[in-house]
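So the sequence lines, in the order shown, correspond to chains R and Y. Note that this note's numbering has the first sequence beginning at 287, numbered continuously upward. Note that this note's numbering has the second sequence beginning at 57, numbered continuously upward.
Calculated from the structure, these hints are not laboratory results. Do not take every clue at face value.
What the hints assert, rightly or not - Simulated restraints on C-beta separations:
1. R:GLY456 - Y:GLU167: 24 to 32 Å
2. R:PRO441 - Y:GLU167: 30 to 38 Å
3. Y:VAL165 - R:THR455: 15 to 23 Å
4. R:GLY393 - Y:MET108: 15 to 23 Å
5. Y:MET108 - R:PRO441: 22 to 30 Å
6. Y:VAL165 - R:ASP427: 42 to 50 Å
7. R:LYS429 - Y:HIS188: 37 to 45 Å
8. Y:LEU184 - R:GLU323: 35 to 43 Å
9. R:CYS337 - Y:GLU172: 15 to 23 Å
10. Y:HIS188 - R:ALA308: 40 to 48 Å
Since the model is a prediction, treat every value here as computed from it, not as a measurement. Built from N, CA and C at the ideal position, the CB exists for glycine as well.
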Amino acid sequence: MKAIIAILTLVLSAAWTAGALAAESWGLPEEEKTRFEAKVVDALCELTGDCPDRCGGGKRQLGLLTGEGELILPLKNVVPFAGATVELLEFCGKQVTADGLFSTNRGIKVFALQFVREAPDGKWQRANRFAGQWAEANGVDAKSKTTQQWFRNDPAVMKVIERDGKLGTGK
Amino acid sequence: MKQRNLFAALLAATLCAAPLSGAYADKRHAAADTVKVTGEIIDSWCYLTEIMYPLGTAHHQCAVWCAAGGIPVGILSDDGTPYILLSFQGNGQSVADPALLDLQTHHVVLEGKAFERDGMHYLVADRLVEDHGIVNMTDEDYGIQPFGE
Numbered sequence: 287m288k289a290i291i292a293i294l295t296l297v298l299s300a301a302w303t304a305g306a307l308a309a310e311s312w313g314l315p316e317e318e319k320t321r322f323e324a325k326v327v328d329a330l331c332e333l334t335g336d337c338p339d340r341c342g343g344g345k346r347q348l349g350l351l352t353g354e355g356e357l358i359l360p361l362k363n364v365v366p367f368a369g370a371t372v373e374l375l376e377f378c379g380k381q382v383t384a385d386g387l388f389s390t391n392r393g394i395k396v397f398a399l400q401f402v403r404e405a406p407d408g409k410w411q412r413a414n415r416f417a418g419q420w421a422e423a424n425g426v427d428a429k430s431k432t433t434q435q436w437f438r439n440d441p442a443v444m445k446v447i448e449r450d451g452k453l454g455t456g457k
Numbered sequence: 057m058k059q060r061n062l063f064a065a066l067l068a069a070t071l072c073a074a075p076l077s078g079a080y081a082d083k084r085h086a087a088a089d090t091v092k093v094t095g096e097i098i099d100s101w102c103y104l105t106e107i108m109y110p111l112g113t114a115h116h117q118c119a120v121w122c123a124a125g126g127i128p129v130g131i132l133s134d135d136g137t138p139y140i141l142l143s144f145q146g147n148g149q150s151v152a153d154p155a156l157l158d159l160q161t162h163h164v165v166l167e168g169k170a171f172e173r174d175g176m177h178y179l180v181a182d183r184l185v186e187d188h189g190i191v192n193m194t195d196e197d198y199g200i201q202p203f204g205e
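Chain Y extracted, bound-state conformation (with noise of 0.2 Å):
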């Protein structure tokens, strides 16, 4: 009796857990396709908590302070979805990338593999297509974002 509690207490174990492991296992290694995605290299921070206006010219000097201090640069696409850099031109950098630094708020067309994981997407960029440079001209309404120096 003692051995078939035993054995069902195993089997319920193994039931509950294999969903949790095979949905986590699912996440992890995710296969991606390659993309192309177009927008303004943006300072993630700024721009989803919303704490001072966060694209464009007025925005340009905190994004450099927040690429080099390093706050994940990301990639605001034209469709309106933010993405996660985690690899710039195939370097595997993502923290204080000085070629990161020198994009800041270029609206540009990188290629790479997107993934989307727990709410957040992310770019593995393996190349930059495209640098149309500073196309977003916001001081004019918005100052110098945060200090207005």
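If we strip away everything but chain R, and leave its shape as in the complex, we get (with noise of 0.2 Å):
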């Protein structure tokens, strides 16, 4: 009965964690949940051959490059307005598995990234450390309002508002 009980336990737990690390809708246009297998590369440098040290460094675009040669360009992360490559930078040169959703609209297919971990069985993580860079390096809290709302209190970003505008007119 134990140890009937243990499996049981172990499976709803399993299936509890696949759960909760699979996909979430966020009403794209033609969206799809999808999970896969693929290279992460340096766009620049799969295209051109023009190939940095570690994928650049964090200033350079990463892609997804699956066993079957297509190259999937990641456009974003779980983090408002906020990008793939900081989620995706450590992983350069491996092969990950990337949990998310594909979006069909204008003819283009983009992808998010949601979760990834190195294949075939690392450790998942929720594609959200931007924030918690962010807020390092601009030494405030990474649970804080000033974090949750980088985008307003961002200095790059501050800088050119403040000269153009919201409209970026000057106005």
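Taking the hints as your guide, dock the two standalone chains into a single complex.
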């Protein structure tokens, strides 16, 4: 009986974990939840052969290259107004399992990264480390409202908006 | 007999693998022509998903936020083709590039190398040829996206 309960508990917790890590719908056009394995590559390197160390060290867009040779460029992570490079940089050159959403619109398929882990069985990470890194770089608490609204408090953003206005026209 | 079977299997595997690796090799490091692309500098995520109105003055602030957050910056050519910028003025940088923050929503002419890979257009921009500033005044119709402030 104890063995059955133990097995049941194990199965249920595995199912809960898998469910918790499954991609969440964002209501995007032609949205498709997806999970696939791919190699993390520097997109510019992949296209041109210009390949600096560490996939450009965070200054370049990173792509996901599937076993079939398809280059998928993640445009988004789960932090408001933030991209996926920061989430993928530590996996440069490695195989990962990417979990998230495909969306097809205007005839183009895009990908939003929600979870990632080193393949085949690394620890799942939610694609939200941008917030922590931004907080650390700006000397604020990662759970603060300042970090939640990072886009209104980012020094580079504030400089541009103060100079050009919200419309960009100086008004 | 066993050797013949092994040979046949190896031959079959080679023939199957060759077109795949050849197709991939063709895509990788593909030669590209130098082109001039004229259009508006955009935030690729909002434009391609249309989660909000994504162009002109109405979307300028959001485009600056997204560029600072590392979402790929693009250029929407006047013929309607969106390109992802993978380098600007030869700097090999495409994440939170301050020069691209300054250029959000501007109508420009860029010169560089264009690539198409798996349905996505990319531009490696070597040179900003012309900067016409912001010419797409959309805020009267669409307000300020996405929060109205």
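Verification of the hints:
{"no.": "1", "hint": "R:GLY456 - Y:GLU167: 24 to 32 Å", "result": "holds, 28 Å"}
{"no.": "2", "hint": "R:PRO441 - Y:GLU167: 30 to 38 Å", "result": "holds, 31 Å"}
{"no.": "3", "hint": "Y:VAL165 - R:THR455: 15 to 23 Å", "result": "holds, 20 Å"}
{"no.": "4", "hint": "R:GLY393 - Y:MET108: 15 to 23 Å", "result": "holds, 19 Å"}
{"no.": "5", "hint": "Y:MET108 - R:PRO441: 22 to 30 Å", "result": "holds, 25 Å"}
{"no.": "6", "hint": "Y:VAL165 - R:ASP427: 42 to 50 Å", "result": "holds, 44 Å"}
{"no.": "7", "hint": "R:LYS429 - Y:HIS188: 37 to 45 Å", "result": "holds, 43 Å"}
{"no.": "8", "hint": "Y:LEU184 - R:GLU323: 35 to 43 Å", "result": "holds, 39 Å"}
{"no.": "9", "hint": "R:CYS337 - Y:GLU172: 15 to 23 Å", "result": "holds, 20 Å"}
{"no.": "10", "hint": "Y:HIS188 - R:ALA308: 40 to 48 Å", "result": "holds, 46 Å"}
Hint compliance for this structure: every hint is met.
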